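Asks: The listed protein sequences derive, respectively, from chains R and E.
Residues in the first sequence are numbered from 8 upward in steps of one, following the working numbering.
Residues in the second sequence are numbered from 8 upward in steps of one, following the working numbering.
The hints are all genuine.
Not close to chain R: a few residues of chain E, all C-beta gaps over 12 Å, as computed:
(1) D27
(2) Q45
(3) N49
(4) A65
(5) A71
(6) E428
Residues of chain R placed beyond 12 Å of chain E at every Cβ, according to the derived structure:
(7) I74
(8) G82
(9) H97
Only some residues are given here: those of chain R computed to face chain E with a beta carbon under 7 Å:
(10) I18
(11) L21
(12) A22
(13) R23
(14) V45
(15) Q47
(16) V53
(17) V56
(18) A90
(19) N91
(20) A92
(21) F100
(22) V102
(23) P103
Honestly, the hints are just simulated from the structure, not real lab data.
Only a predicted model underlies this, so the values are computations on that prediction, with no experimental measurement involved.
For each residue, glycine too, the CB sits at the ideal point set by N, CA and C.
Next come the chains, spelled out residue by residue.
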Amino acid sequence: MSVDTATVAKIAALARLKVSEAEIAAMVPELNGILAWVEQLGEVDVTGVEPMTAVIENKLRLREDVIDADPLTGGGKRDDVLANAPAAEHGFFGVPKVIE
Amino acid sequence: MTDVTELGVAAIREGVAKGDFTAVEVAEAFNANVAAAQQALNAFIVPTPEKAVEAAQAVDAARAAGKPLGKMAGVPIGMKDLFATRGIQTTAASHILEGFKPEYESTVSQKLWDAGAGMLGKLNLDQFAMGSSNETSYFGNVISPWRRNDGGNAALAPGGSSGGSSAAVAARLAPAATGTDTGGSIRQPAAFTGISGIKPTYGRCSRWGVVAFASSLDQAGPMARDVRDCAIMLEAMAGFDPKDSTSLDLPVPDWEAALSGDLTGKKVGIPREYRLDGMDEEVAKSWDQGIAWLKDAGAEIVEISLPHTKYALPTYYIIAPAEASSNLARYDGVRYGLRDLPDGAGLQDMYAATRAAGFGPEVKRRILIGTYVLSAGFYDAYYTQAQKVRALISRDFKEAWAHCDVILAPTTPSASFALGEKSADPLEMYLNDVFSVPASLAGLPAMSVPAGLNAEGLPLGLQIIGKPFDEQGVLNAGLAIESRAQFSAKPEKWW
Numbered sequence: 008m009s010v011d012t013a014t015v016a017k018i019a020a021l022a023r024l025k026v027s028e029a030e031i032a033a034m035v036p037e038l039n040g041i042l043a044w045v046e047q048l049g050e051v052d053v054t055g056v057e058p059m060t061a062v063i064e065n066k067l068r069l070r071e072d073v074i075d076a077d078p079l080t081g082g083g084k085r086d087d088v089l090a091n092a093p094a095a096e097h098g099f100f101g102v103p104k105v106i107e
Numbered sequence: 008m009t010d011v012t013e014l015g016v017a018a019i020r021e022g023v024a025k026g027d028f029t030a031v032e033v034a035e036a037f038n039a040n041v042a043a044a045q046q047a048l049n050a051f052i053v054p055t056p057e058k059a060v061e062a063a064q065a066v067d068a069a070r071a072a073g074k075p076l077g078k079m080a081g082v083p084i085g086m087k088d089l090f091a092t093r094g095i096q097t098t099a100a101s102h103i104l105e106g107f108k109p110e111y112e113s114t115v116s117q118k119l120w121d122a123g124a125g126m127l128g129k130l131n132l133d134q135f136a137m138g139s140s141n142e143t144s145y146f147g148n149v150i151s152p153w154r155r156n157d158g159g160n161a162a163l164a165p166g167g168s169s170g171g172s173s174a175a176v177a178a179r180l181a182p183a184a185t186g187t188d189t190g191g192s193i194r195q196p197a198a199f200t201g202i203s204g205i206k207p208t209y210g211r212c213s214r215w216g217v218v219a220f221a222s223s224l225d226q227a228g229p230m231a232r233d234v235r236d237c238a239i240m241l242e243a244m245a246g247f248d249p250k251d252s253t254s255l256d257l258p259v260p261d262w263e264a265a266l267s268g269d270l271t272g273k274k275v276g277i278p279r280e281y282r283l284d285g286m287d288e289e290v291a292k293s294w295d296q297g298i299a300w301l302k303d304a305g306a307e308i309v310e311i312s313l314p315h316t317k318y319a320l321p322t323y324y325i326i327a328p329a330e331a332s333s334n335l336a337r338y339d340g341v342r343y344g345l346r347d348l349p350d351g352a353g354l355q356d357m358y359a360a361t362r363a364a365g366f367g368p369e370v371k372r373r374i375l376i377g378t379y380v381l382s383a384g385f386y387d388a389y390y391t392q393a394q395k396v397r398a399l400i401s402r403d404f405k406e407a408w409a410h411c412d413v414i415l416a417p418t419t420p421s422a423s424f425a426l427g428e429k430s431a432d433p434l435e436m437y438l439n440d441v442f443s444v445p446a447s448l449a450g451l452p453a454m455s456v457p458a459g460l461n462a463e464g465l466p467l468g469l470q471i472i473g474k475p476f477d478e479q480g481v482l483n484a485g486l487a488i489e490s491r492a493q494f495s496a497k498p499e500k501w502w
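The task is simple: from the sequences and hints, build the whole structure.
Replies: Here you go:
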């Protein structure tokens, strides 16, 4: 499989990356080089092999269903959460108008 | 008086505890080295001399008051700028996080401060830890303190992604530093700069507060001058953290106390697939030397096979970008970091403009690859296939453990290279991780220790890979090599 300029433009749109036509043109051969190289995985016989999602066996835990069980990650942190926002307004994240 | 910047973690801790020098003297000596090298090496993004002194004052006060001192008491360290540090800019070497000052502290850095360490500054790295030469940082390349002995002054790569960490430790700007390893980012830079570094078993060190690259692979670990220092610092960094769902709920062993370079009764596996065609002769020679050293330490050498080795890199370069494209979706110009809002732009345009302005070329390349391999119609062919091959790579190791206790291999296929030498071709750069990636994919503990210098006068590293949870076995084999290699070379000061 290989990508063309239209595919790269589509992936960039999916990834929310603004790219110029020149950047797309430069990326097509680079991505194709990488994709051609990773395609060798297709030759591996994986019959009966389960896809690996966790390398070290571990049970996923649930935290206790208690408010503020860990105060560090609990609630009441509005100002901390907003402290680095590029446009915090009235206690909210500000964004450009989304409804016409 | 002793030049304290020539001392490592154990010696500084001991000297401070005995009163040979104060922690503040140590912090100030390293602060001076950091400042003097900043222009030439660019190892730090933000030096924090006041933090180092503040922590040192607390240690000196605790000692004066007769209070017990922590494992890292009086030891100033460099903190890779991938760890969130409260109130101190944390960027992952990216423009998109420039100016970001976390309101919280990463678990690993907090543990180090609790153990009495102080922070010399935030270390430069490859942007979002994506790179093998520290040439992708928004804040400029890190320059290795090492130079070839050919009289030329070519600027060399300190390795990546923990290139600021490796350069700082090798140049005596810090006795130790934190690193993170996704596909070799602790071991490869350690090998390039003649220092030691260990990536523990996946889950040993909490990922909470570490800027995420590829979550199923990312592991923090120490980088220091020798094996003992790595053991001490890893003890301080490791431990169960309920805030990381993949954190291992296991006690932290006393690795330092159990260090032993006697490998009698141990079997060391030599993977035949790592002996590549056209392998660098000096790397092959150093590997043979390592085998002889471990034999001398009492180990039995056995040949083993890891049949899926050649598929490790392509597997990694599907899985890591896939996870990265997902993890990096959070940088949207809304909650923190950069916002680029072109005139009249809507929300979607703002996202795209912000991310275009905030990410460097390598990061964009990996986001695009990751997005592609996860996209509808390609997911199974690429991503699911890679996850299956990953299972086979992991199984190779499991089968090898029936025949050996640790595995010995080179850390990298070559010594450090000049900046710019490999950056034109992303694939060539990726191939530098050929020996380090398999252990990452299998979540295994692995370390690099210096083995010697090549004919160009540059360090070469040897890698030890261990069973899950057997950091001790890895450290012990590392110690056996260290005590025989007697590596004492250091870069001649030119900065």
